[in-house]
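A.B. asks: Protein sequence lines correspond, in order, to chains A and R. Residues are numbered in our numbering as their position in the first sequence, beginning at 1, plus a constant of 214. Residues are numbered in our numbering as their position in the second sequence, beginning at 1, plus a constant of 10.
Keep in mind the hints are simulated off the structure, nothing from the lab. One thing to keep in mind: the hints can contain errors.
Straight line, CA to CA, 35 Å or less: simulated DSBU-like cross-link-like pairs of lysine-lysine [said to hold, decoys possible]:
| no. | chain 1 | residue 1 | chain 2 | residue 2 |
| --- | --- | --- | --- | --- |
| 1 | R | Lys96 | A | Lys390 |
| 2 | R | Lys96 | A | Lys262 |
| 3 | A | Lys262 | R | Lys124 |
| 4 | R | Lys98 | R | Lys50 |
| 5 | R | Lys96 | A | Lys428 |
| 6 | R | Lys124 | A | Lys428 |
Keep in mind that this is a model prediction, so the values were computed, not measured.
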Amino acid sequence: MTIRIAAEQLCVDYNGSVALYDASLTLPAGCICGMVGMNGAGKSTLFKALTGFVRPSRGRIRINGLKVAEAQREQAVAYVPQSEGIDCDFPVSVWDVVMMGRYGSMNLLRIPRQSDRLAVRNALERVELLDLRDRPLSALSGGQRKRAFLARAIAQRASVLLLDEPFNGVDVRTEKLMAELFLQLRSQACTILISTHDLSHVRDFCDLVVLINKTVLAYGETSEVFTPENLSQAFGGLPPDVLRGQTQ
Amino acid sequence: MSVVALLLEPLRHDFMVRALLISALVGGVCGLLSCYMTLKGWALMGDAVSHAVLPGVVLAYALGLPFSLGAFVFGVGSVATIGFVKQKSRIKEDTVIGLVFTGFFALGLVLVSKTRSNIDLTQILFGNVLGISAADIQQTWMICLVVVALLLLFRRDLLLFCFDPTHARSIGINTGLLHYLLLSVLSLAAVAGLQTVGIILVVAMLVTPGATAYLLTDRFDRMTWLAIGSSVLSSLLGVYLSYWTDSSTAGCIVLVQTGLFLMAFLLAPRHGILCRRSS
Numbered sequence: 215m216t217i218r219i220a221a222e223q224l225c226v227d228y229n230g231s232v233a234l235y236d237a238s239l240t241l242p243a244g245c246i247c248g249m250v251g252m253n254g255a256g257k258s259t260l261f262k263a264l265t266g267f268v269r270p271s272r273g274r275i276r277i278n279g280l281k282v283a284e285a286q287r288e289q290a291v292a293y294v295p296q297s298e299g300i301d302c303d304f305p306v307s308v309w310d311v312v313m314m315g316r317y318g319s320m321n322l323l324r325i326p327r328q329s330d331r332l333a334v335r336n337a338l339e340r341v342e343l344l345d346l347r348d349r350p351l352s353a354l355s356g357g358q359r360k361r362a363f364l365a366r367a368i369a370q371r372a373s374v375l376l377l378d379e380p381f382n383g384v385d386v387r388t389e390k391l392m393a394e395l396f397l398q399l400r401s402q403a404c405t406i407l408i409s410t411h412d413l414s415h416v417r418d419f420c421d422l423v424v425l426i427n428k429t430v431l432a433y434g435e436t437s438e439v440f441t442p443e444n445l446s447q448a449f450g451g452l453p454p455d456v457l458r459g460q461t462q
Numbered sequence: 011m012s013v014v015a016l017l018l019e020p021l022r023h024d025f026m027v028r029a030l031l032i033s034a035l036v037g038g039v040c041g042l043l044s045c046y047m048t049l050k051g052w053a054l055m056g057d058a059v060s061h062a063v064l065p066g067v068v069l070a071y072a073l074g075l076p077f078s079l080g081a082f083v084f085g086v087g088s089v090a091t092i093g094f095v096k097q098k099s100r101i102k103e104d105t106v107i108g109l110v111f112t113g114f115f116a117l118g119l120v121l122v123s124k125t126r127s128n129i130d131l132t133q134i135l136f137g138n139v140l141g142i143s144a145a146d147i148q149q150t151w152m153i154c155l156v157v158v159a160l161l162l163l164f165r166r167d168l169l170l171f172c173f174d175p176t177h178a179r180s181i182g183i184n185t186g187l188l189h190y191l192l193l194s195v196l197s198l199a200a201v202a203g204l205q206t207v208g209i210i211l212v213v214a215m216l217v218t219p220g221a222t223a224y225l226l227t228d229r230f231d232r233m234t235w236l237a238i239g240s241s242v243l244s245s246l247l248g249v250y251l252s253y254w255t256d257s258s259t260a261g262c263i264v265l266v267q268t269g270l271f272l273m274a275f276l277l278a279p280r281h282g283i284l285c286r287r288s289s
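Isolated chain A (complex conformation) (with noise of 0.2 Å):
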């Protein structure tokens, strides 16, 4: 079996302040990973992690085998970001975002030849978003923008792709999308980790489930982990209204 995320022992810690301690995850190829937590549990300083944003204090990470630097220069990691961390109103249609998603594979200027342009092309038909393909970014709905980024990497043609609260703000047709394209790029041997405190979309189509809270809590088939005593661990000892009423 193929291991697309191996993180061992990991610790990051920002000026003293410890954001993650000992964590350790292993995430074959092929599987859908739902990352969950509360706010400032770490989640997001792991995914600063796997993209080379910070440098763990202790611990080792590899993605395909390979150290993170040298994975992201393969293009082997895709983040597709929250809808907050971007400027919605920035001056690029759609086709130039997904685009953006061909910049590694490119030359140092950044010419697309016709291979970039056909990668572009099939990931916008994908997610259904080729008719707006000239659109300028700020004329999308919430959920069309979340396409156009799992576009980009879907163009970028990653193995690990790392989504940050997907399903925040999302209309029906695109969670519906989102769903069937994750269970077409886990068939095709990627392998998804997916930041999320939407306790339901865990159990309706992730394989596995990481509980994280400064650590990894838990980890394994969704079933085993999203116990109450988990996830109430999880959550602090008080699991939210929602999340004890999905687990009796």
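Chain R: place on chain A using the hints.
C.D. replies: Relative to the frame of chain A, chain R by itself:
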């Protein structure tokens, strides 16, 4: 007097031809850069860098070096100081910026009063494009060529860096390098800009055209052309205006820029306040 005569009459003076050419050149270059500044939200950084170059200019004059060299060193130095203080302390970035650039600027003021040279402070603070020397023209040309070359070479990477640095990073692009590249280009452009409008107003050259263009379009390519166009137009019109009215050239250039911004603010097709209200 006809309009044509009004426009042609000043061209009889060599200093006016030079001023128009250099202002238009600097305006165009700063206009291009201003797109990145507005999108990245670096207006304050532009203000900081342009003020912080003062001690560099004074020292370079005193040592007989090209003043752009001193300005560049101190411009980049101020940015490095800002980065260092921010990283090593709990003070917020805007405070650090305010603190560092005023410190550098104050050092410059003291140096001006302590160096025995014929530096004209007013000239540095408010620009003197009508009296620009041949050597300064040459320097400005070189700076502008370097800035444009760098911006064109890295335009897509810089756009991505402004838009989504996390993605840039995750596909293996060196965002630290792009950060310093953009800051170096900013320092260079500030040096070129202070020739025409002086230290105090150079930030207008680095921000206003980009802001105006941003209100007029949702496409980056069009935004750059609009910014360059409005900036060049402001420079030319400003120089003429200052000639006709016998008033500060820097003031006139920036005033025209501000006027164009106000027009966009009110009348821009989609983002102007008047059109938005009626739709």
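A.B. asks: Decide, hint by hint, whether the structure agrees.
C.D. replies: Hint by hint, here is what the structure shows:
1. Lys96/R to Lys390/A: violated, 44 Å
2. Lys96/R to Lys262/A: holds, 20 Å
3. Lys262/A to Lys124/R: violated, 50 Å
4. Lys98/R to Lys50/R: holds, 23 Å
5. Lys96/R to Lys428/A: Within the cut-off at roughly 26 Å; holds.
6. Lys124/R to Lys428/A: violated, 57 Å
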